[in-house]
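There are 2 protein chains.
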Amino acid sequence: MEFESFLTSLATSFLIFVVLMSLFSWLSRKQGNTVVYYPNRILKGMDPWDGGSRTRNPIAWIREALSSTEQDIINMSGVDTAVYFVFLSTVLGILVLSGIILLPLLLPLAATDDGGKIVHARTNTTINELDKISMANIEKRSPRLWAFLVATYWVSFVTYLLLWKAYKHVSELRSQALMSPEVKSEQFAILVRDLPGVPEGQTRKEQVDSYFTTIYPDTFYRSVVITDNKEVHKIWEELEGYRKKLSHAEAVYAGSKTTANPEGTKPTTKTGLLGLIGEKVDSIQYYNDKINELIPKLEAEQKVTLREKQKGAALVFFNNRVTAASAAQSLHAPMVDTWTVTGAPEPRQLLWSNLTIKFFGRIIRQYAVYIFVALMILFYMIPISFISALTTLPKLQKALPFLKPIVEIAPIRTVLEAYLPQIALIVFLALLPKLLLFLSKTEGIPSQSHAVRAASGKYFYFIVLNVFIGVTITGTLFGTLKTIQNDINGIVGLLAKSLPGNATFFLTFVALKFFVGYGLELSRLVPLIIYHIKRKYLCKTEAELKDAWFPGDLSYATRVPSDMLIITITFCYSVIAPLIIPFGVLYFGFGWLVLRNQALKVYVPSYESYGQMWPHLHSRLIAALLLYQLTMAGFFGVMEFMFAPFMIPLPIISLIFEFVCREKFYRFFQHPALEPASKEIKETPNMEQIFRSYIPPYLNYEKADDEQFEDALSQVSKTGSTV
Amino acid sequence: MEFESFLTSLATSFLIFVVLMSLFSWLSRKQGNTVVYYPNRILKGMDPWDGGSRTRNPIAWIREALSSTEQDIINMSGVDTAVYFVFLSTVLGILVLSGIILLPLLLPLAATDDGGKIVHARTNTTINELDKISMANIEKRSPRLWAFLVATYWVSFVTYLLLWKAYKHVSELRSQALMSPEVKSEQFAILVRDLPGVPEGQTRKEQVDSYFTTIYPDTFYRSVVITDNKEVHKIWEELEGYRKKLSHAEAVYAGSKTTANPEGTKPTTKTGLLGLIGEKVDSIQYYNDKINELIPKLEAEQKVTLREKQKGAALVFFNNRVTAASAAQSLHAPMVDTWTVTGAPEPRQLLWSNLTIKFFGRIIRQYAVYIFVALMILFYMIPISFISALTTLPKLQKALPFLKPIVEIAPIRTVLEAYLPQIALIVFLALLPKLLLFLSKTEGIPSQSHAVRAASGKYFYFIVLNVFIGVTITGTLFGTLKTIQNDINGIVGLLAKSLPGNATFFLTFVALKFFVGYGLELSRLVPLIIYHIKRKYLCKTEAELKDAWFPGDLSYATRVPSDMLIITITFCYSVIAPLIIPFGVLYFGFGWLVLRNQALKVYVPSYESYGQMWPHLHSRLIAALLLYQLTMAGFFGVMEFMFAPFMIPLPIISLIFEFVCREKFYRFFQHPALEPASKEIKETPNMEQIFRSYIPPYLNYEKADDEQFEDALSQVSKTGSTV
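Here the protein sequences come in this chain order: A and B.
Numbering-wise, our numbering puts 343 at position 174 of the first sequence, and it's gapless, one number per residue.
Numbering-wise, our numbering puts 814 at position 645 of the second sequence, and it's gapless, one number per residue.
Note that these hints are calculated values from the structure, not bench results.
Predicted, not measured: the structure shown is a model, and the values here were computed from it.
One thing to keep in mind: the hints can contain errors.
[Said to hold, decoys possible] Simulated pairs of lysine to any residue, SDA-like, Cα-Cα distance not exceeding 20 Å:
id, chain 1, residue 1, chain 2, residue 2
1, A, K833, B, Y536
2, A, K833, B, V510
3, A, K449, A, H417
4, B, K851, A, P386
5, B, K833, A, F529
6, B, K527, A, V829
7, A, K334, B, P365
8, A, K403, A, I864
9, B, K337, A, P365
10, A, K848, B, Y536
11, B, K833, A, G530
[As the list claims (entries may be wrong)] Partial selection, computed: residues in chain B whose CB lies under 8 Å from chain A:
id, residue
12, S340
13, T383
14, Q498
15, L500
16, A579
17, F834
18, H840
19, E844
20, S847
[As the list claims (entries may be wrong)] Partial chain B-side listing against chain A, Cβ under 7 Å, derived:
id, residue
21, L342
22, S344
23, S495
24, P503
Ideal Cβ positions, reconstructed from N, Cα and C, are used throughout, including at glycine.
Could you put together the complete structure from these sequences and hints?
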């Protein structure tokens with residue numbers, strides 16, 4: 170990429186960013202848009218603008234974001250979000266501290282050397298203006314390389330220091346959250362899986378109850394046996410669908426009653442596929458019939474499920490937190506693969522259908538998924554190389570000749586040249602997350618938050634291997650793809666050699682991410698447009714309207730790997746082309762500000778795992794650091810620097826650092842510690858309510874208040890053995 | 170080694186065995202020897218011969234050993250011993266089942282092939298009679314190799330099957346022991362280490378008590394803060410030493426009162442070094458003075474220790490087993506390296522001085538010891554090669570010319586030729602265990618049983634690497650030692666090539682082990698002689714006499730690795746030279762019988778770990794099996810067998826088998842499960858007694874009954890903060 174394209178790309182990105190910011194200032198002040206820009210506050214029953222300024226100019230919202238405290242974030246968006254901000258500010262801190270030393274030290278050193286020029290003159294390649302202030306401009310074996318080596322150490326040690334502080338801080342946050350005096354259902358429950366066969370003359374429930382009563386005579390409250398809910402859930406979904414359609418039809422009918430037509434027009438529907446074919450009937454009548462038909466079916470299926478579809482897993486409730494915390498991590502049965510316990514996830518994030526997968530089944534699934542993902546990561550390399558090659562403008566022009574007249578126009582050409590490869594990359598990356606989340610759930614993980622972490626981890630490896638390493642190596646060497654050595658040792662050296670050539674590409678990529686990415690994030694243009702279209706043409710009822718503006722969560726499964734990619738890029742280029750550091754700072758600085766606003770006002774977390782994401786973030790940061798250190802070691806080798814072996818201790822220190830952190834902090838993120846759990850609770854927990862919170866809505870549908878569900882459950886205990 | 174030497178060696182071994190058996194039959198019937206042959210029964214207050222036959226002829230004791238049940242072993246010698254017998258019988262089972270198939274299948278196949286003869290004829294080496302019935306006699310690329318390949322699979326699957334059954338059985342034994350209605354102190358206690366700094370205004374004891382009272386308000390009983398007992402222990406040892414000397418002197422004095430000399434001769438001693446130099450004084454007076462001098466010193470030191478030498482660790486007692494079992498495996502503090510808990514070992518096996526080593530200190534020590542041991546294992550290779558080379562007779566004769574006249578005598582020459590290398594090996598192996606146990610204790614392990622396991626593990630690797638692999642490779646190739654390749658891949662092939670040549674050596678080695686080793690074991694000649702010498706010349710008091718005959722335990726730290734060496738040898742040769750199998754069967758068969766007798770009548774276990782040795786035995790057995798499978802894969806390669814790749818699945822299956830066993834069973838051997846702990850106990854536990862059992866004798870010396878110790882402890886709580 171030429172220097173001109175680079176500047177054009179930067180300028181365009183910035184322009185888009187300014188436009189999006191202005192749009193945000195203007196749109197967010199309109200009354201009709203509050204549900205898009207303040208859904209989190211509205212759902213919490215707060216006034217959208219309360220306390221804050223109604224003016225949404227940049228100074229106003231940035232001041233608001235900056236003045237918000239960590240406690241505000243925890244109150245509005247939970248511990249997980251606060252932990253994500255610890256991550257953002259830690260990375261920001263690392264980059265700022267690195268930049269303060271690296272920029273004034275390395276840029277002058279690189280700019281005043283002429284090694285690059287000499288090399289380039291010899292090899293006849295064009296000289297890039299950016300290369301002049303990067304390590305590409307340093308002569309081989311130059312003593313100036315000492316400064317670059319020291320810089321690598323500086324970045325590493327800054328990272329260790331800030332990560333250590335962050336881990337401590339997050340531990341503290343988690344501990345505070347777990348000792349909170351509020352009653353939280355999941356702190357009183359454990360999940361028991363792999364129950365052995367039911368003994369003769371006992372029901373499943375009796376088996377579980379008698380087992381836990383013996384071990385915890387004073388603290389056991391009751392249990393819920395996990396059932397196979399597939400069928401009942403299907404019926405319930407169908408019923409709920411008809412209910413929604415019914416209220417929609419009623420709203421349409423009510424809306425059609427104008428003064429001209431006081432009777433209104435009864436809406437009609439077709440009974441066939443998707444309401445498109447078949448007999449035309451009165452909608453309200455039809456949906457009412459369907460609902461009346463399904464209710465007894467659901468009730469019957471509920472009873473059958475509770476009585477006959479019991480599986481070998483259960484939720485067990487205790488009347489105090491310490492016992493639950495202790496039970497969640499203690500070995501119960503001598504056979505480790507029976508009566509396996511874990512802490513219960515929150516009711517809302519329990520993956521009900523995964524609970525009944527057996528011990529070794531889970532292990533086998535896990536390995537099968539790992540192998541599958543590993544293969545996928547390795548063989549996606551091939552399509553991505555093709556995409557990189559295809560998306561150069563001349564090739565595109567050749568492939569799609571009808572584009573020629575457009576492409577010939579000079580400014581468009583420049584823009585396209587600047588953006589095409591990046592856009593191809595971003596679109597490509599958007600395809601994967603759903604598949605990875607699905608695969609993670611297939612592993613048999615019992616909670617949504619854990620599945621998200623697992624998906625995020627897979628995506629991280631994918632993104633680093635295929636985007637970073639893939640683009641770097643295959644991008645540079647596309648003409649000579651076959652020269653890529655197969656052995657892994659060669660790759661580090663190859664990567665080191667290829668990095669300088671791709672600096673501009675990644676600078677553009679990072680700038681695009683923060684200008685356009687965070688601009689879109691803040692302005693919420695896409696959700697706004699979708700909301701207004703739905704509101705105008707589709708939504709008739711209040712519930713439908715709420716569905717239309719209901720915000721998502723921060724979606725860590727994709728957000729975290731994207732951040733990690735930026736970190737990996739910034740780390741790896743920090744010493745080779747220190748100009749990347751300000752770009753990284755801007756990415757994480759903007760990110761912090763924009764997401765602070767979004768966390769306080771927009772997003773609603775879909776689960777709370779009390780910071781269990783942190784160890785995941787931590788170890789991936791260390792992985793990025795390791796990759797950086799290895800690459801730099803390779804790079805000093807390529808530069809034929811005599812003292813390159815001084816790089817050897819760094820990866821070892823990183824591994825020791827990771828080991829020490831894991832030993833010191835990790836176990837607390839796997840299990841609840843007893844000390845925080847033993848803190849006093851505000852009120853005596855309402856055990857009945859805790860227990861009920863774990864019953865899915867389709868099992869005690871509309872009967873939460875009467876005794877039928879209770880009866881059905883206790884009936885199971887009594888009659889189950891005769892079934 | 171020639172065939173003749175081999176037969177001579179076998180015959181001699183057998184002769185020694187017969188002599189030792191006869192000696193046992195004769196000596197064990199004598200009344201004066203009962204303390205040597207029945208100490209375990211005597212210490213339990215049982216009649217030595219009760220129930221059993223007084224005649225100790227082979228038939229009698231073997232019948233007794235065979236008719237004893239597992240429960241007898243548990244009653245007389247504990248669960249650990251029973252688990253060791255499970256190990257012996259499992260290995261015996263594996264070898265018997267292997268032999269049943271392998272001997273009739275492989276011996277005829279080998280004997281009727283002439284490949285070996287051809288090869289030997291070509292290479293001009295002598296043909297060994299034993300080689301004719303081993304794989305050495307099979308022609309390269311022969312289809313007969315299929316049988317050998319199938320045999321390898323057979324041995325492996327028999328091993329999996331029996332190990333699986335054994336692991337289940339041992340789990341059951343452990344479970345039974347832990348749910349026993351007997352009150353056992355260690356089931357009510359946990360060990361807490363890495364206490365954080367004492368908060369202002371609290372004593373260490375208050376800190377511990379308040380922490381555990383908060384978490385376990387109903388079940389916490391009390392705590393003991395670990396103190397630095399080095400000084401007090403030293404004084405106590407000194408005092409005990411003088412007490413023993415005093416009673417010895419008194420006995421000597423009483424003994425000297427004959428009718429001729431009714432006053433008796435007062436014994437004297439010298440006050441200097443070892444009682445050899447210095448002033449001559451009246452012993453009784455001197456020791457009494459010393460004792461009276463030390464008692465107040467001890468008492469003062471006890472108080473100082475309890476008040477001022479408190480360290481950051483404590484024993485915590487609970488009033489029920491379930492809480493203790495659960496507390497021992499739960500994370501207590503959010504910082505994982507503080508308040509770390511483990512189950513308390515038995516009082517008698519607590520390594521008091523290791524308890525105060527900090528979390529990361531333990532990890533560092535562990536790795537330091539691992540690295541040191543690894544280096545030691547690798548570099549012992551050099552001395553052992555020299556020993557192997559030195560101990561051939563011609564070389565010995567050259568080095569020590571004065572041996573010449575003896576060595577020239579033909580029968581002596583044959584015997585020496587047969588035994589010299591083996592004796593050198595055995596002596597050499599006897600040097601190491603103490604060092605390894607010391608190193609294992611240096612790791613910071615809190616219990617004796619764990620230290621023994623750690624030492625046994627190290628010894629296993631030492632023995633397999635240096636004796637088995639070392640002797641095989643360097644033994645064969647001593648003249649061309651430099652041809653040993655440095656890369657590990659080469660070693661498997663080299664091992665495979667060298668194995669057949671060493672078959673006779675190892676056959677002799679195994680025979681020596683079981684005939685002479687178990688012969689000595691059963692006859693207890695050495696302890697008998699030492700006892701009688703001591704009794705006659707040294708012992709004057711009852712206590713000294715008891716010390717003289719007090720038996721050891723089974724000393725697993727050396728016994729297990731020796732057994733493992735035999736298993737490794739037998740496995741590795743089972744297919745190559747199936748004749749080794751009967752030798753292995755004899756080793757484990759004799760072993761079982763002899764040790765059964767010794768466990769019931771002689772040895773007194775020095776600790777009880779409820780079978781925690783088993784996973785250690787199991788995984789080392791698998792390691793031996795893996796080595797066997799890899800060697801065989803290499804061997805089929807050396808034989809240029811086309812279907813050698815069919816060996817590849819075997820090591821993978823072994824690894825999966827080990828993984829599954831570890832997942833299914835291992836955690837129960839690390840932690841007590843709650844289910845067995847929740848079984849009812851016979852009587853309400855006497856908590857005071859449980860608590861006292863953990864106070865070392867030198868801390869409440871002679872005051873177990875009065876309240877002083879209690880006072881000192883409670884005083885600590887009250888006044889400690891002002892110290």
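Numbered hints the structure breaks, given as an ascending list
Going through the list in order, the structure violates hints 10, 16, 21 and respects the others.
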